[in-house]
Each structure stands twice: as C-alpha cells, then as structure tokens.
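*Asks:* Working from the sequences, and respecting the hints, build out all of it.
Protein sequences appear in the order of chains U, V and F. For the first sequence, position 326 matches number 326 in this note's numbering, and the numbering has no gaps at all. For the second sequence, position 236 matches number 236 in this note's numbering, and the numbering has no gaps at all. For the third sequence, position 57 matches number 57 in this note's numbering, and the numbering has no gaps at all.
Keep in mind the hints are simulated off the structure, nothing from the lab. Warning: the hint list may mix true and false statements.
Note that the list lumps identical chains together, so a pair holds whenever it fits in one copy or between two copies.
Stated by the list, open to error - Here are the simulated DSSO-like cross-link-like pairs (lysine-lysine), alpha carbons at most 27 Å apart as the crow flies: (1) K218 with K276; (2) K276 with K68; (3) K219 with K68; (4) K68 with K218; (5) K221 with K96; (6) K219 with K96; (7) K96 with K276; (8) K96 with K218.
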Amino acid sequence: MVFPQSQNILPKTFQDVHVMIFVGFGFLMTFLQRYGFGAVGFNFLLAAFGIQWALLMQGWFHSFENGKILIGVENLINADFCVGSVCIAFGAILGKTSPVQLLILTLFQVTLFAVNEYILINAGGSMTIHTFGAYFGLTVTRILYRPNLEQSKDKQGSVYHSDLFAMIGTLYLWLYWPSFNSAVSNHGDAQHRAAINTYCSLASCVLTTVAFSSLLQKKGKLDMVHIQNATLAGGVAVGTGAEMMLTPYGSLIVGFLCGIVSTVGFVYLMPFLESKLHIQDTCGIHNLHAMPGLIGGIVGAVTAAAATEDVYGKEGVQGGFQAAGIFVSLAMALAGGAIVGDGRLSHSNCSHPGLQE
Amino acid sequence: MVFPQSQNILPKTFQDVHVMIFVGFGFLMTFLQRYGFGAVGFNFLLAAFGIQWALLMQGWFHSFENGKILIGVENLINADFCVGSVCIAFGAILGKTSPVQLLILTLFQVTLFAVNEYILINAGGSMTIHTFGAYFGLTVTRILYRPNLEQSKDKQGSVYHSDLFAMIGTLYLWLYWPSFNSAVSNHGDAQHRAAINTYCSLASCVLTTVAFSSLLQKKGKLDMVHIQNATLAGGVAVGTGAEMMLTPYGSLIVGFLCGIVSTVGFVYLMPFLESKLHIQDTCGIHNLHAMPGLIGGIVGAVTAAAATEDVYGKEGVQGGFQAAGIFVSLAMALAGGAIVGDGRLSHSNCSHPGLQE
Amino acid sequence: MVFPQSQNILPKTFQDVHVMIFVGFGFLMTFLQRYGFGAVGFNFLLAAFGIQWALLMQGWFHSFENGKILIGVENLINADFCVGSVCIAFGAILGKTSPVQLLILTLFQVTLFAVNEYILINAGGSMTIHTFGAYFGLTVTRILYRPNLEQSKDKQGSVYHSDLFAMIGTLYLWLYWPSFNSAVSNHGDAQHRAAINTYCSLASCVLTTVAFSSLLQKKGKLDMVHIQNATLAGGVAVGTGAEMMLTPYGSLIVGFLCGIVSTVGFVYLMPFLESKLHIQDTCGIHNLHAMPGLIGGIVGAVTAAAATEDVYGKEGVQGGFQAAGIFVSLAMALAGGAIVGDGRLSHSNCSHPGLQE
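*Replies:* What follows is the structure in structure tokens.
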C-alpha cells in the first residue's frame with residue numbers, strides 16, 4: 001500500500017462517519033436489557049475487523065495500481081460505508097450469534113459488498129449500503145430462525161437506562177447523517193446540497209414519527225422504539241437523492257413519508273414478518289433500512305431522471321442506472337445472505353461465549 | 001427555496017452546534033430521576049420541529065429573494081441557534097408540560113425570536129439566544145405555577161446514573177461552546193478569537209464553580225447540579241464579546257466572575273425565586289442563562305465601546321447598539337412569554353401523555 | 001497575551017482532541033462502581049485547571065515575545081496534550097486522592113511536562129505524553145501505596161451500566177485518536193499519513209486484543225476491561241511514527257503487537273506489579289500508556305532512522321533524537337513523580353471530601 005497525493009486538510013466528514021459506525025450503530029443496539037455490552041462490544045469488534053478487510057477488498061477492486069493499493073482518506077470513508085452495511089445486518093441477528101459467527105458473516109458480507117459496488121460503479125450510492133445490508137441481514141436471520149426465541153420475550157425487553165443509552169446512538173446517527181450522505185460528494189455545491197437536504201428530511205421525519213407513534217399506540221403514548229429508529233428513516237431515504245436537485249421541499253416530503261412508512265412498519269409489518277415469514281428482526285432494520293432504502297432508490301432514480309441538463313448538468317440516463325442498481329443490490333443481498341447464512345453460519349458452532357457480564 | 005452559492009467546504013461548526021442542541025441540551029436535562037427519556041425525547045421533538053419553523057421564519061425575514069427562501073449552511077446554523085433559545089426555555093418548564101404544549105410553545109417562541117432578531121440586526125448576537133430564551137421560559141413557568149409540585153420533591157431528585165447521563169450533556173455543551181460562539185463569526189481572525197476567548201472563559205469558570213460549590217455546601221462537598229450547570233456560565237457570558245478584542249485575560253476574568261454568580265444563584269437565589277416569586281425553575285436556567293446572558297450583554301457593550309478604530313476596526317457606536325439589544329430582547333421575552341403562557345398553554349389540555357416508561 | 005495571526009479556519013482536530021481529554025478520559029474511568037461521577041467530575045476539574053496552567057507554562061517556554069504570550073489554536077491543542085498527560089497519571093491514582101491533591105499534582109506535572117517539552121524540542125512528540133504521564137502516575141501511586149486498599153476489592157468492581165459508560169470513553173478515544181496523532185502535524189501529506197496510519201493500527205489492535213483476551217480467560221469469555229483499554233494501545237504506539245513513512249502495513253503490525261502486549265500486561269503483569277512492587281494501578285495505565293508508549297518511541301526511532309532522504313526528506317539523525325527523548329522523558333517522570341508524590345501529596349490532607357453521591 002502506498003499513499004496517493006492528498007488534496008486538502010483532513011475532512012471532517014471522515015470522523016463523523018467513523019463516529020456513526022462505532023458510537024451510532026453500537027449504542028443504537030444497546031436497547032436490549034441483557035445485551036447492552038454485547039451490542040457495543042461486538043459492533044466494535046466486527047467493525048474493526050470489517051474496515052481492514054474492506055480496505056483490502058475495495059482496494060483490490062478500485063485503487064489497485066502497479067501491484068500496490070493506494071490508500072487515502074476517501075478509502076477510509078468507503079471502508080466505513082461498507083462496514084455500515086455489516087452493522088445494519090448485525091441489527092437483524094442481534095442476540096442470536098456468537099462473535100466467531102459475526103466475524104464469518106463480516107468476512108463474506110464485506111466481500112459481496114465490494115463485488116456489488118464494483119458492478120454498480122457510480123450508481124446506487126448510499127442506497128446500496130442500506131438496501132444491501134438490510135436484505136442480507138434479513139435473509140440470514142430467516143435462516144437462523146429459532147422458534148424458542150419467541151418464548152423468551154422478557155429478555156428482549158428494554159429497561160429505563162438501556163433506552164437512554166440507545167438514544168445516544170440514535171442522536172449521533174441523526175446528527176451526523178448529513179455528513180454520511182455528503183461524505184463522498186464533490187466538494188462545494190453538491191456537498192452543501194447533500195447536507196442541507198438530509199437535514200431537512202431528518203427534521204421532517206421526526207415529526208411524522210412522533211405523530212404516528214402517538215396515533216397508533218393505545219392512549220396516545222409514544223413508543224421509544226419508534227423514536228429511536230423511525231426518526232432516522234428520513235436520512236436513509238434521501239441517501240441517493242440528497243446531492244441531486246431534490247430541493248429542501250422535496251426532502252421535507254420524503255422525510256414526511258418515511259416517518260409514516262417506518263412507524264407503520266414497526267407497528268403492523270414487524271409482527272407479521274415474525275409470525276408468518278419467521279423473520280425475527282431484532283432491531284427492526286426492515287423498517288429503518290430496507291423500506292426507506294428502497295424508497296430512497298426510487299427517489300434517486302426519479303430525481304436523476306427528472307434533472308434536465310440546465311438544472312443538474314448530467315444526462316437523464318443516470319435515472320436508469322439508479323433503478324438498475326436497486327435490483328442488482330437486492331438480488332446480491334438475497335442470494336448472498338442465503339448462501340452465507342445457510343452454508344456458513346447455521347452449521348458453525350452456535351455456542352455463545354459472549355462477554356463476562 | 002433555492003440554494004445560494006456555497007462558499008467553501010461544509011463548516012465543522014455547523015455540526016458542533018447541532019450536537020449541542022440535540023445531545024447537549026437533551027442530556028443536560030436527564031438529571032431528573034423519572035424524566036430522563038422525556039427530557040431527551042421531547043427535546044428531540046421540539047428541536048426537530050423548531051428548526052423547520054425557524055428555517056421558514058428566519059428565511060422570510062432575512063433571506064427572501066424573488067419569492068424564494070435561500071437556504072445555505074449558515075441558515076441551518078441560525079435555525080439551530082433559534083432552537084437553542086427554545087431548549088433553554090424548555091429547561092424552566094421541564095416536567096410540567098405535555099408534548100403538544102411544547103410544540104405550541106416552540107411555534108410561538110421561534111416566531112418571536114425571529115421578529116426580535118429582525119429588530120436587532122447585528123446587535124446582541126449570541127447574548128440574545130440566552131437572555132431571550134431564559135426570560136421567556138421563566139415567564140411561562142411563572143404562569144404555569146402549580147403549588148402542589150413543591151410537595152413531590154422526591155420526584156425532582158436525581159439518581160446516580162441520571163447524573164452521569166447529565167454529564168454527557170454538560171461536557172458536550174462545554175466542549176463545543178467555542179464552536180457555538182464562533183459559528184457565525186467571520187472566518188479567520190474573528191473566528192479564532194471567538195474560539196480562544198470562549199475556551200479561556202469556560203476553563204476559568206469551572207474552577208470558581210468548584211471552589212464556590214465546595215465553600216457554600218456543608219462539609220465542603222461538591223453539588224453535582226453546580227458542576228453540571230454553573231461550569232457553562234462562562235461560555236454564555238462571553239457569547240457577545242468573544243469575537244471582539246476581549247483578550248484571553250479578559251475572558252478568564254469574565255469566566256471567573258460567572259462561575260461565582262451562577263453558583264451563588266443556585267444556592268441562594270433559586271430557592272428565593274421559588275418560594276417568593278413562585279417561579280419553579282426546574283433546571284436553574286436563571287443561573288445558567290439569564291444572569292450570565294445579561295453579564296454577557298454588558299461585557300459585549302463595554303468591549304465594543306472600548307474598542308478604538310486601530311484595535312478593532314469598527315466604530316464605538318456598536319456599544320450602544322449592544323446595550324439597546326439587551327433591553328429589546330428582555331422586553332420581548334417578558335411580554336411574549338406572558339402572552340403565550342397565559343393565552344395558549346395554561347388553557348390547553350394539561351394531561352400529560354408522556355412516553356411509555 | 002496577544003493573538004498571533006491565524007492561518008486558516010478553525011481546525012477540526014482541535015475540537016477532537018478536546019473531546020478526547022474531557023469525554024474520552026473522563027468516561028473511560030467511570031468503570032469503577034462507586035466512582036463514576038468522581039471520575040468524570042474530577043477529570044473535568046483537573047483538566048480545566050491544567051489547560052490554563054499549561055497555556056501559561058508552555059507560553060513562557062515556547063511563544064513568549066515582547067513580554068506577551070502569543071496564543072493561537074495550536075497553543076490550545078498543545079495545552080490539551082499536556083493535560084492528556086495529567087489525565088493518564090490520574091488513571092493510576094483513581095479513587096485514592098482528594099480534589100485538592102489532584103490540583104497540586106496537576107500543578108507540578110504540567111510544569112514538569114512543559115520543562116520536558118522544552119528540553120526535547122521536536123523529538124518525542126506524542127510518545128512523550130504517554131510515557132511521561134504514565135511513569136509519573138505510576139511513581140506517585142507507588143508512593144501513595146495503601147495496603148488496606150487491597151481488602152476493599154468489591155468497591156473496585158464494576159457494574160453493568162458503568163461498563164457501558166466506560167465504553168463511551170473508549171470509543172471516543174478510539175475514534176478521535178487519528179486526530180490526536182495528526183493534530184500538530186504539518187497540513188497536507190503528513191497529516192493524512194498520521195491519520196491513516198493511526199486508523200490502521202487501532203483497527204488491527206482491536207482484533208488481537210479480543211483474540212488474546214478470549215485465549216487468556218477461562219472458558220473463552222471476553223474481559224471488558226481489556227476491550228475498554230487494550231484496544232487503544234495501537235493508537236499510543238504509532239503516536240510518534242504515524243506521520244512518518246510507517247506505511248499502513250507497518251501500522252497494522254504495530255497495532256497487532258500492541259494488542260498482545262497490552263492484554264498480556266493486564267492479565268499477568270498488573271497483578272505482579274501490585275503484589276510485588278506495591279504499585280496499585282487502578283486503570284491499568286502501565287498496559288495502555290507506559291508499555292505502548294515505549295514501543296512507540298522505539299518504532300518512531302527506527303522509522304526515523306530508516307528513512308532515507310528520498311523517501312522522507314529529513315536526515316537520519318532524527319532517529320537518535322527520538323531515542324534520547326525516551327530516556328529524558330522517563331528520567332523526568334520518575335524523578336518528578338517521586339518528588340511530587342513524596343513531598344506534596346503524601347503529607348497533604350488525605351481526607352477525601354468527594355462529591356455528594
């Protein structure tokens with residue numbers, strides 16, 4: 001590995017994305033009563049392993065020159081993105097896997113993610129991270145389905161302090177999402193656009209989440225799980241379109257819709273998935289990443305297709321690439337998740353050493 | 001809304017202020033034993049609502065061109081500032097209002113704040129945020145006074161872990177305060193001056209807070225409420241003067257005085273306000289924001305007036321504007337708070353759905 | 001004090017280092033069951049005092065011109081570094097000292113650190129912070145040895161939530177370490193190199209820490225103390241060499257080795273130090289800062305010596321300076337710690353007012 005020439009001072013967005021992966025995803029998953037330390041600790045382990053493997057895999061595919069991998073800060077950001085996809089999948093299988101299984105999962109998912117990225121080049125963007133990660137994780141958790149887990153509902157409950165810890169994760173993801181969506185945009189206008197659009201979408205998403213959580217619960221009480229998760233759906237859904245001419249109004253509307261879709265998903269769709277399809281989605285990643293990710297892919301495709309030369313400066317063909325990106329990512333996630341989950345994880349040692357707690 | 005031309009890469013100060021509003025103010029208020037999640041959750045809700053409304057209101061007043069509101073990153077920072085003022089007012093009425101009341105309060109306070117800003121143009125600066133927010137909140141809490149709240153003192157108590165969560169809020173406010181005071185300064189010298197002066201004032205404030213907290217308590221024990229709050233007073237008080245030629249020595253002195261004023265306020269003034277004036281100031285915002293804000297206004301006026309052409313490059317008339325700014329903000333806060341508190345909040349539904357806890 | 005001319009916009013690394021000192025070190029030490037608030041609160045107090053004293057001491061030695069101390073953002077970063085050294089020493093004596101003793105310790109350690117820096121000029125770099133801080137703290141804790149402390153082992157235990165708070169500290173130290181090691185590097189290439197090398201070393205260190213923690217414990221369980229501490233050793237060890245031509249491969253190897261050394265230190269060396277040498281190292285700073293700091297000094301010396309003109313552009317004599325820096329720092333830390341610990345702390349009032357808990 002050698003260093004490419006550096007362009008400017010260390011970009012702030014690098015550290016923000018880094019904080020999101022380790023603090024954001026780590027603490028978001030601490031809401032389980034007896035799994036707080038496991039969530040943060042295992043997330044730390046798999047992310048640290050994943051970024052090293054991602055640096056190698058993405059390096060071989062994207063920045064391999066003269067037998068050496070060029071590493072710059074942008075590569076570190078892309079490695080963090082790739083690991084973000086693994087953290088999302090981790091959310092679906094939280095509490096059901098040993099550290100060794102997690103490392104095996106990370107190894108294969110990072111590899112598939114890098115291949116997927118190589119196929120898509122320039123299309124998909126941040127949408128790939130969420131859609132690929134979520135459907136990969138959901139496929140794995142379907143294969144690892146254990147009926148007896150349903151009986152230990154009390155262990156899945158949360159306690160007062162674990163919810164406050166989870167809010168640390170939620171807030172850091174929410175606050176740094178503008179950096180996440182703008183980290184690899186071109187500097188200047190596109191980066192500002194991405195940050196402002198994401199900020200608007202997230203703000204609007206919080207309001208509809210709270211409103212629908214209150215409407216759908218008995219006695220108008222708010223459900224903390226919705227506030228911890230569905231408030232972030234707005235950031236996922238503008239992932240692809242944020243740096244385009246989505247405009248703040250467009251972003252507010254996307255955030256508005258995603259807050260509804262995600263909250264309704266938590267209330268009605270998640271119990272259905274578990275009872276009928278046997279998909280035990282511990283953190284509800286289907287509501288937070290899978291559905292908003294698909295909406296984001298569609299929003300991105302429409303925005304790109306609608307952009308004429310004089311507004312946006314790129315050709316309309318970008319819209320078609322975006323749409324194709326969704327299907328390629330979906331197919332790779334489902335096929336990859338099925339193979340990895342079946343061939344590797346379900347036959348490996350399921351004893352769960354866990355942490356000294 | 002359209003985008004103004006962007007000047008440079010995404011400024012770091014934007015994210016810092018964002019973290020202060022959501023993590024800083026949110027967690028600072030978790031010290032109440034039974035209200036931790038409500039503090040973080042409701043702060044999240046009102047801030048997300050407030051920034052959208054502030055973008056519109058400040059847009060109409062300050063960046064309305066050809067029927068469109070121009071939105072840049074500076075507008076997002078100003079919206080965060082405006083919401084900061086709402087979060088401060090929230091501190092006074094913490095635990096006494098329902099989410100719906102909070103949203104109504106936010107709607108009116110943001111509107112009044114934007115009008116106040118429009119009247120003051122260029123004078124007041126960050127001092128307005130603290131003074132306006134604090135006196136608005138104190139007026140509202142006076143109107144919402146409920147005698148029976150005094151009897152449930154035990155609920156107002158804190159427990160061990162809630163104090164550690166509150167320290168997360170304190171530390172992030174303390175650490176990013178230099179960004180808060182320098183976020184809308186001109187880049188270069190003024191921004192560096194603002195950051196350095198704020199850093200010095202905050203550091204000095206911690207020492208006097210600890211010293212006086214230890215002096216005024218029985219047996220020399222420290223009171224955690226003082227450490228969580230009074231240590232921040234130094235940042236409030238240099239808000240206006242920080243980017244001027246206050247010098248590090250001047251900042252150290254301002255921080256020194258504010259640590260004393262704020263701690264003495266917690267020990268002697270707060271019980272007096274509650275028993276005699278019926279102002280139940282849950283978080284002690286009178287000690288942290290109101291008094292240091294006024295001191296900051298005076299410091300700013302004196303520094304501006306003292307600055308001669310060759311030191312500072314602006315005319316001495318700025319000092320007069322600063323002084324006038326204090327009085328306009330105070331008058332608007334008291335009148336606005338009285339009208340909103342009386343007309344809106346006290347007659348609206350007081351049942352408190354709260355969160356599922 | 002006057003202001004030197006500012007070069008550019010406020011650097012992000014300044015705030016990152018600031019967060020590390022106050023949030024990182026503060027929360028890292030909250031793992032003790034009955035000392036959580038003391039750790040964060042006293043760390044806050046001593047750091048706020050230390051940065052003021054460090055600004056003066058470093059100012060007199062390094063930026064004193066025409067009877068005035070020039071203060072820029074770089075001075076604030078250096079003051080934070082100096083205080084970092086004090087926070088490290090605090091880790092060894094955690095739970096054994098009163099706030100007044102801590103302030104006396106800070107006063108002397110900051111002074112000695114500034115003198116040490118003045119002697120070394122340009123050699124040692126970040127290695128000095130860790131080695132000096134750790135051996136100073138270890139010497140003081142040896143002198144303050146109290147046999148009866150061994151009996152109250154139960155108080156030294158941790159509980160579930162205190163470990164999650166400690167993980168906040170660990171993660172922020174881990175995430176911002178690239179900023180720590182690159183904060184005072186030259187902008188551009190050297191800064192990017194420092195950040196990338198630190199990132200690689202830290203990632204690799206997490207894996208060997210987890211692997212060896214699992215190997216050395218009964219039943220393959222992980223020990224949270226190792227995850228909280230030894231995972232950071234990789235950042236310490238590349239402190240000096242990170243901005244040099246260490247290369248990512250080199251960094252991965254250094255991180256790999258440090259994870260092993262640090263974990264083995266926690267398991268075998270720490271009990272030996274306490275029982276035989278009467279060094280009660282509460283937070284295990286010998287494993288996290290002292291040994292990796294020495295390794296870092298050696299790595300820095302070797303890398304500097306190996307750098308030929310065409311790779312690195314400096315003379316090989318730098319290697320010798322680095323090696324000399326280690327010994328000067330060690331000697332000053334041991335002598336200074338012995339004098340301060342013996343003369344000041346052990347005779348001062350040992351009653352421990354503590355916080356109202």
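*Asks:* Each of the hints needs a verdict: does it hold here or not?
*Replies:* Evaluation of the provided hints:
When the C-alpha separation of K218 and K276 is checked against a cutoff of 27 Å, the pair qualifies only within one copy, where the shortest distance is 24 Å, while the shortest distance between copies is 41 Å. For the identical chains of this complex, K276 and K68 are neighbours neither inside a copy (50 Å) nor across copies (50 Å), given an alpha-carbon limit of 27 Å. Taking the shortest alpha-carbon separations for K219 and K68, neither the intra-copy value of 62 Å nor the inter-copy value of 41 Å comes in at or below 27 Å. In this homomeric assembly, K68 and K218 never come within 27 Å of each other (Cα to Cα): the closest approach is 60 Å inside a single copy and 42 Å across copies.
When the C-alpha separation of K221 and K96 is checked against a cutoff of 27 Å, the pair qualifies only between copies, where the shortest distance is 17 Å, while the shortest distance within a copy is 30 Å. In this assembly of identical chains, the alpha carbons of K219 and K96 lie at most 27 Å apart only when taken from different copies (19 Å versus 33 Å within one copy). In the homo-oligomer, the alpha carbons of K96 and K276 lie at most 27 Å apart inside one protomer (19 Å), although the nearest pairing across protomers, at 44 Å, exceeds that limit. Only between protomers do K96 and K218 lie at most 27 Å apart by alpha-carbon distance; the minimum there is 22 Å, versus 31 Å within a single protomer.
When each numbered hint is compared with the structure, violations occur for hints 2, 3, 4.
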